[in-house]
Structures are given as structure tokens and as C-alpha cells.
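*Asks:* Listed here are the chains, written in short residue letters.
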Amino acid sequence: MTTVTDEQFALMGRHIDRLVTVATHAADGSTGRHIMQVDGMPAEVSYAIVTMLGCIVRNGLLTGFKRAF
Amino acid sequence: MAIDEIVGDSIDRAVNIEMRFRAGLPRGVTYPLYEAARTKQKKPLTWLAAKLLKDKVKPGQHVFVVTGAGTAPGLPQGETDGPPGAAAIARAIEIGLGAKPILISEARNMPAVIKSTEAAGIAVVDEDLFKQRRSCALAIEYPLGDEAGKKAADELCEKFKPAAMIFIEKVGPNIKGIYHSIMGTPRTPDKIASAYHLADLAKEKGIPTIGVGDGGNEIGCGVIKEAVAEIQPYGKDCGCPCHGGVGTVTECDVLVFAAVSNWGAYGIAAALAGHLENREVLHDEATELRIVLASVAGGAMDGAYSRLIPYVDGTSDKVQASLITILHQIVENGLKEYDRGF
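Chains as they are written, first to last, in the working numbering: chain S, 1 to 69; chain B, 1 to 342.
Isolated chain S (complex conformation) (with noise of 0.2 Å):
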């Protein structure tokens, strides 16, 4: 079986801000500036949160583990 590891979904996370803030050239809505940030959270966080979900789905996905205590 195929998994998404976490520093691809990470990859992703940041492709997907760069696009958004970058060059959309959208604006951050809790201070209303073009900053790499996203309702008042800079970058850093979403990729934080996008570490986190590969985690979930990768755990959540294995099987065939048992720990023997």
C-alpha cells in the first residue's frame, strides 16, 4: 500500500500556501496585509497542522501492528 508521508504532505502545505498568498496575492484576514499568513497565523502553522494530519491518516492506516504488553 501506498502512504503519503509527512514531508509530502508538508510539501503540499507549502505549495498550497505559496499559491495563496503569494501569488493570488491575497490578504491575511485577521490584520488585512499580503503577508504569509493565514487568519492571523504565519506559515509556519499550517504546515505544523499539515504534519500533523499526514500523521493521523498514517496512523490511522496501520495495521497488521501489535504491541506485545
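Wrong hints could be hidden among the right ones.
[Stated by the list, open to error] Listed below are the simulated EDC-like cross-link pairs for lysine to aspartate or glutamate, each with C-alpha atoms no more than 20 Å apart in a straight line: (1) B/K151 with B/D200; (2) B/K336 with S/D39; (3) B/K161 with S/E44; (4) B/K336 with S/D28.
[Claimed, not checked] Example chain B residues on the side facing chain S (calculated, C-beta under 10 Å, incomplete): (5) I17; (6) A23; (7) S306; (8) P310; (9) V319; (10) E332.
Keep in mind the hints are simulated off the structure, nothing from the lab.
C-beta atoms are modelled at their ideal positions from N, C-alpha and C, and glycine is treated no differently.
Add chain B to chain S, keeping to what the hints say.
*Replies:* Same frame as chain S, but now just chain B:
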């Protein structure tokens, strides 16, 4: 102005994101157990714990930070859930409150506890030096066995007179006096530090206590023992000859329930940063990566895979650092007042 309860609830939610494997360990239990703790304690758990520390701990006072889970053969030198959380709390109370952290664990776990704490920037020193300077911690090995544990609790409380005690991923006994893994595997008291005596003594002496757990078998989870019995697969009956269930009966003044115990500790550090309006109290992402690696170098294994890898309960070091990023943002925005003008 310090953070309010809205921020506390956001921190609580961030540290309760369950990321369990699809099979192999109990799953779908984090949210209901958190809700039980939140309902019982009426306020955000991390917010409550941090407030208790802020109100009760004064500069120069000792705080016991008790941790260490796992036994041989599965986790012979402990697991990565516990020591990093203890390191984060030791750092937070030292930087935020000027308190003096005393790390307490079984001898087998101490390398991971010490290395994690030093990776957090807090030197672990001998008792003489500990008395003379700040930015350091003392490490004390707690004996195995129930009788020895009771004696140690008496001696440590008498000697150090702690202002508070924090238990992080520290297993407590069930109603029959037996310790268990979350899968129901029994551990007799001769394999475990009976640190619950510290909690019991603290209650008797009026010393504030905080318990941080992620399953229900950890000290502090006695606050929600009925919910643990109902929700955890081995809650009512552990399946071992004692048949007492995996949940502990040991309570604390505040229980912080989290998806991973380290995360509960990070949540307390974040809430303390908010209460004190000092974000430095919560460590940064680079420090988190160092702490997790250091715990593995000290022999701690990931508790889900039981391997020497920089994972915590089946989640990567990058996930730990990501959580720190999110916690910092919650606190930063929770302290910010901004008029966007439209």
C-alpha cells in the same frame, strides 16, 4: 493580561488530538476520557494546572517532577513518553517561576530523564551545586517496591518540603494495588516505583498535585476512574488474575488528560507561558527535537513501536515539534489585541 479560559480550551484541544494506530492499541478513547476530566474539573485542564503552579509555587521552592513508564522486556529503560514532558515542565517552572525542579524516577529511567532535561537547557547537578545556583535540577532515584516507596515518600517530603508535585506518565496502582500497562499486562510493585505514596502524602500535607496521563492508568487519573472503567477496553477487567481493571485509583488536585502525556506537559507549559505572559516558558521547536533525540539516546523507546526511534506513542519527532509550533501560536494570539480596521 494573562490568557483566559478560551485560550485554555484551545490548548487542551491541541494536546488531545488522537493519532493512534488503526490497530494494536486502544483508540477512540482520548476524547471521551478528556471530556470526562473536563466535565469533572469544570475548567480547561492545562489552564487549571498552570494557574495552580503560578499561584502556589514561589521562587526558590522545590517542585517534584515525577515520571518514568515502562518495564522490561518491552521498555527496559523506559519510554519516550514521560521524560521529555518532565524536561519541559522542569524548564517551564525554572524559567517561569524560579522554582527548583527535582526529577524523580526509577533508576532504569534516569538516563533518559537526565538527558532530556539537559537537552532542554536545564543542567542536572549534584545536591551541593543544586543548592547554590539556578537553571539546574536535581535527579533522585526512587526505589522499587511498595514499602520502600512509602519510606522514600516520607523522607523526600521531609527533606525537600516541595511546594508542588507533578506526575507525568507515572503509573499508579488500581483498586487491588496492582499496576498495569494500558493493554492489561500486570506489573507487580517490586518492578515499579510506588510513587503514588508521594501523591497520597501530598494530599495529607496539603501540597498541591498535578497528574498528567493519556490512558487512565497514570497517577492523577483516579479523578476519572469511573470513566476509565467504562471507556478503556481493559478498564473494567484487566484480564490478569487481579481482575481490577487498568485504571488507577490515585487522584491529584488537577488531572491533565492528553492524547500523549508529554503533550499534556507541553500544554501546561504553554498555559503557564500564557498566565505569565512570557512565551519563553514554553520551549521552542528546535529544543523539542533535541529533547526527543536525547531521550532516545538515554535508552527510552517509543511506547507504541517499542523501538529506539525518535517517536512518541507512534508519532514522529516532527509531529512533536509541530505541536510546539501550534501551542506557541495559540498563546501568542491569545495574548494579542489587534484592530484590523474593518
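*Asks:* Hint by hint, note whether the structure agrees.
*Replies:* Each hint, compared with the structure:
no. : hint               : verdict
1   : B/K151 with B/D200 : holds, 13 Å
2   : B/K336 with S/D39  : holds, 13 Å
3   : B/K161 with S/E44  : violated, 43 Å
4   : B/K336 with S/D28  : holds, 16 Å
5   : I17                : holds, 6 Å
6   : A23                : holds, 5 Å
7   : S306               : holds, 6 Å
8   : P310               : violated, 13 Å
9   : V319               : holds, 5 Å
10  : E332               : holds, 9 Å
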